[in-house]
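Each protein sequence line maps, in turn, to chains A and B.
Counting with the working numbering, you get residues 37 to 382 for the letters of the first sequence.
Counting with the working numbering, you get residues 431 to 749 for the letters of the second sequence.
In short, the hints are calculated from the structure, not lab data.
Just so you know, nobody snuck in bad clues.
Pairs of lysine-lysine residues, derived as BS3-like cross-links and limited to a Cα-Cα distance of at most 27 Å, are as follows:
id, chain 1, residue 1, chain 2, residue 2
1, B, Lys-685, A, Lys-342
2, B, Lys-685, B, Lys-585
3, A, Lys-160, A, Lys-258
4, B, Lys-648, A, Lys-49
5, A, Lys-342, B, Lys-585
6, A, Lys-258, B, Lys-442
Rough simulated footprint, nothing fancy, chain A against chain B, three-plus residues with beta-carbon under 8 Å:
id, stretch
7, 448 to 462
8, 533 to 540
9, 557 to 563
10, 689 to 703
11, 723 to 736
Where is the CB? At the ideal position from N, CA and C, for every residue including glycine.
Chain by chain, the residues:
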Amino acid sequence: MNQAGLQYKRRLKRRHLVSRMFAIICIISTWFGLLVVALLLIGLMFKATGIFDITASSQTELRNWLTPHLLTNHMSSHPEKAGMVAGIWGSFWLMVMTGFFSIPLGVGAAVYLEEYSRENLFTKFIRLNIANLAGVPSIVFGILGLTVFARMFSLFHDFPPIGIPVGIGMIKIPIPFGRTLLTGSLTLSLMILPIIIIASQEALRSVPQSIRHASLALGATKWQTIWHQVLPASLPGILTGTILALSRAIGETAPLIVIGAVSFTVYNPGNMEHVSDYLTKPEVLLTVPSSDFTVMPLQIWNWGTKPQPEFQDLASAAIIVLLLVLLCMNGLAVFLRHHYGKRLDW
Amino acid sequence: MLPSSKHSLSAKTNFRRIWEGIVLTSLMFCATVSVFVTAAIIFVLVSESVVGIGDSLAFFQEVSLWSFLTDTAWAPQYGEGQFGILPLLAGTLWVTGIASVIGLPVGLASAVYLSEYASPKTRGIIKPLLEVLAGIPTVVYGFFALFFVTPLLIKPFAENVLGIEANIFNAMSGGIVVGIMIIPMVTSLSEDVIRAVPRGLREAGYALGSTRFDVSTKIVVPAALSGILASFLLAISRALGETMVVMIAVGAQPKLTWNPFETMCTMTANIASMANGDAGTGSVEYRSIYAVAFTLFIITMGMNIFSQFILNRYREVYH
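Next up, chain A with everything else stripped away, as it sits in the complex (with noise of 0.2 Å):
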């Protein structure tokens, strides 16, 4: 073989070989967040069973955080005995109110931005504008919601509480707003409106004209067209975005810390001792949408921040609830995503 074969093969065996150790590394390159995530949450939920706890020191005894206890007790300055039942019932309620805001208003804008508008300078601008506003930081929003609703720049003083009439009773509502659910459920649904619009969009857009052409054919009028037959077949995208959306939602934490939503508290949502009191008392849950209120995540930031080792295996152990509840949320939307998607295929 002459030289120039010989020159050709060598790098030509080079450049195979850079190619295989490239694919290499992003195959390690894929895998690294993955193992690591995994790894840590392994490391968690020994920490948070007892089984084993590599960061210990000796002195410190194992055992079991992840107990009944835990999740129908209130906290308490003894470890053994505290509990995240406030903040179950908090993230519950603050799930259901940001939703009650957010996802009519997020609908609602998503569908005149596909079907009604035309295509001019405002809708461009607030097309750019929901881009924008879904990369604001959450902590602005805290602070949108502290300054807006918790305080109303501090313009009211002793306003009297505004009622507003329901079936069962006056839901009374303080001004400013305060500490309160409301606030919070406000704030959070500022927060995550622009990804509801943008998964709601998306859904709308998966529906084909020829549905929209058809029921136009028949005589039936714009809205009677989005009501009867768009929206019904873009429901399931919608509702997979909107769950993802409150399940970021559940897990915020620094907008709640910036309002000012107490991080320790033995009172439940309106001052619910059971849960047959949502029941048998029903104006109990008047009191919800006013009353202070804790989360999940603002529990495990204010035990985990404690010094005691005790404290920070109970925060490991609310840590694996508050994800079990985030997967069961997940799981949710991707089942009603591969369940009903397929049987609208177009």
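We have chain A; now place chain B onto it with these hints.
Okay, now just chain B, sitting in the frame of chain A:
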């Protein structure tokens, strides 16, 4: 019978027309809410930091912009109080810098792997897993850093290899964990633009005898460069705005230092700890959080707008 039924039909039509109008108006209102929110954010930040409403003074009417930008200490509680953004900015830059060094290359490499190498089956496993990672709350990542990364990785490394003392709260562990946190974001955003590069370009490369490495680094990545840069900018702005991880793992002591193994304070952690503390409403300390938030808002907003500009201006459109 005919006229009356005709009459009722027209009445129905009229009602429908009005109803359509009501619906359109309320939907338009929903769409404009997002604009109101942006306007409200800017109004709140400006009114508390630049121009006060009524007789209340804004932050920059008490502390000059010059001292805010050049003072090297952030110590609101001592005497007159020093309000220099530099230590907070330095803390933010340290954390964001470390996070970028880890998150951006790893995220890009895994995006290349997913779109160029992985089989559809592998993709089907990894993509949902990345979504799960992206859904883990930031407070959990914060405790990963404090419980595991600092005692198991940072402390032994600093003490045994570098021979220096590492604080239990340090910028290094926070930065590393924020870096791991932004990997899924970089991967999914970059993978979308990399996959959008047309097949023909790749096949032309292979036809000329290129290896996969050549095609990936010399054809696909350059073709998708604008989108990749945009995803990098979004990820960096996410790292800048990250609060819980830095508050838990990096601490809340504003310090201007070159040592990443020391405790620091970022802009976000400063806002959260000041708001959580007991600074009275109306005091300069209380209003300083608005000035810091305003700075943070301008930086992240600028990066978001810049990334959209890159996407629109430099996007290669293939048909």
